[in-house]
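K.L.:
Chain A is fixed; fit chain B onto it per the hints.
Keeping their order, the protein sequence lines are chains A and B.
The working numbering numbers the first residue of the first sequence as 361 and each following residue consecutively.
The working numbering numbers the first residue of the second sequence as 361 and each following residue consecutively.
Hints in this document: simulated from the structure, not taken from any laboratory.
There are no misleading hints in this set.
Distance condition first, Cα-Cα at most 25 Å in a straight line; then the derived DSS-like pairs of lysine-lysine:
#1 Lys452/B with Lys493/B
#2 Lys533/A with Lys390/B
#3 Lys492/A with Lys533/B
#4 Lys390/B with Lys468/A
#5 Lys468/B with Lys492/A
#6 Lys418/B with Lys390/B
#7 Lys492/B with Lys533/A
#8 Lys492/A with Lys540/B
Spelled out from the first residue to the last, the chains are:
2 protein chains.
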Amino acid sequence: MARAPEVGSEIHKERNRTVLETAARVICEKGYEAASVQDIADACGLTKAGLYYYIRSKEDLLLEIMNYGMDIFEERVLLPVLTISDPVERLKACMERNIFLVTEGWSKEVTIILHEHDTLTGAARAQINARKKRYVHFLESSFEEAIREGRIRQVEPRVAAFSFLGMVLWIYKWFRPDGKIPSEQLAREMQNLFFGGLEIPAPPSAPPSRKGTNKK
Amino acid sequence: MARAPEVGSEIHKERNRTVLETAARVICEKGYEAASVQDIADACGLTKAGLYYYIRSKEDLLLEIMNYGMDIFEERVLLPVLTISDPVERLKACMERNIFLVTEGWSKEVTIILHEHDTLTGAARAQINARKKRYVHFLESSFEEAIREGRIRQVEPRVAAFSFLGMVLWIYKWFRPDGKIPSEQLAREMQNLFFGGLEIPAPPSAPPSRKGTNKK
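Looking at chain A on its own, in the form it has when it is part of the complex (with noise of 0.2 Å):
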């Protein structure tokens, strides 16, 4: 233990990062069953005591590459979007960001989130799920506001929560970095079916009928 570096410092954190990281990566290749602790040495190039200088326990690990994964979403996704005054400005925004924290390299500290979502227990779970609810809470008091405002249809919050969560957080299902939709295009596409629909309305003006069907 004297070599390890101090707890707290720059070196010890990164160090941290860097186990967090790799360990993200084999549980999400194997599942978090099947990744042994060896395992997870293995790829981090440590023996089982030196990986036990890091973390307490596999579950314990899971927590932190949670909690790791949550920490990235809240400071690329949320954060940023809170002061967007207008609403549907607001959600829009965070539409984007977490498009691109899904396709962009963090996909596996949110895959593991997501498919791991039943394997913590107790206190740790609880933690995790208060932290995923604050998401969904921050979403459907935007979608509150916006019907409030004028600005969006009268929709259940709830649903517009979740349809926007689950159009999102699919992605990591089936989006190829290396196919042929570029993260922007996703993006875009996405934003214009969410808020504006798919469907063409109806010529809006249609000349007065003739045949007075549309009296009263």
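P.N.:
This is chain B only, laid out in the frame that chain A set:
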């Protein structure tokens, strides 16, 4: 074996279905890795040897559950809408039926198909993936048709298809049958949201500007 019902008989088929549904419930509750063959046999009221009369292996059981789930999906969602000639009506009906499948009692098979998508290997995996891909292809080609016929805006059909799937399939993660949103309302709101969009368009026919900003 002498007392076992003849393979192919109605009684055999019915028992086989019961075994599949019970196994699906156990796997859904515990996860595939954690659920043992003994757990599944116990829940079915069978000995392990008795269970092996119905299944060849645990992985074979998972494949059977997924195929059973896909059978139900095709019977209840896909087949009834294939004959609808208007592509937008076809997609709307498909969305409604898929939402009801997820919300009403079949969610354990759906959950397993979605959640254990990386668990199968080899030919079994290829078989289920091919069935899933047929659904994606059906959605993509329906969106393409709707664009060609001028019924929806220009959109990348793949983005539309996976947005549709994300909204609808994510429901298994948050919907509670005893919650405040009935599944009929959920289906109607998602149809409106997806096809009609959320945002209220700016008033279409503002009086001609007196400032002349519209002159060209």
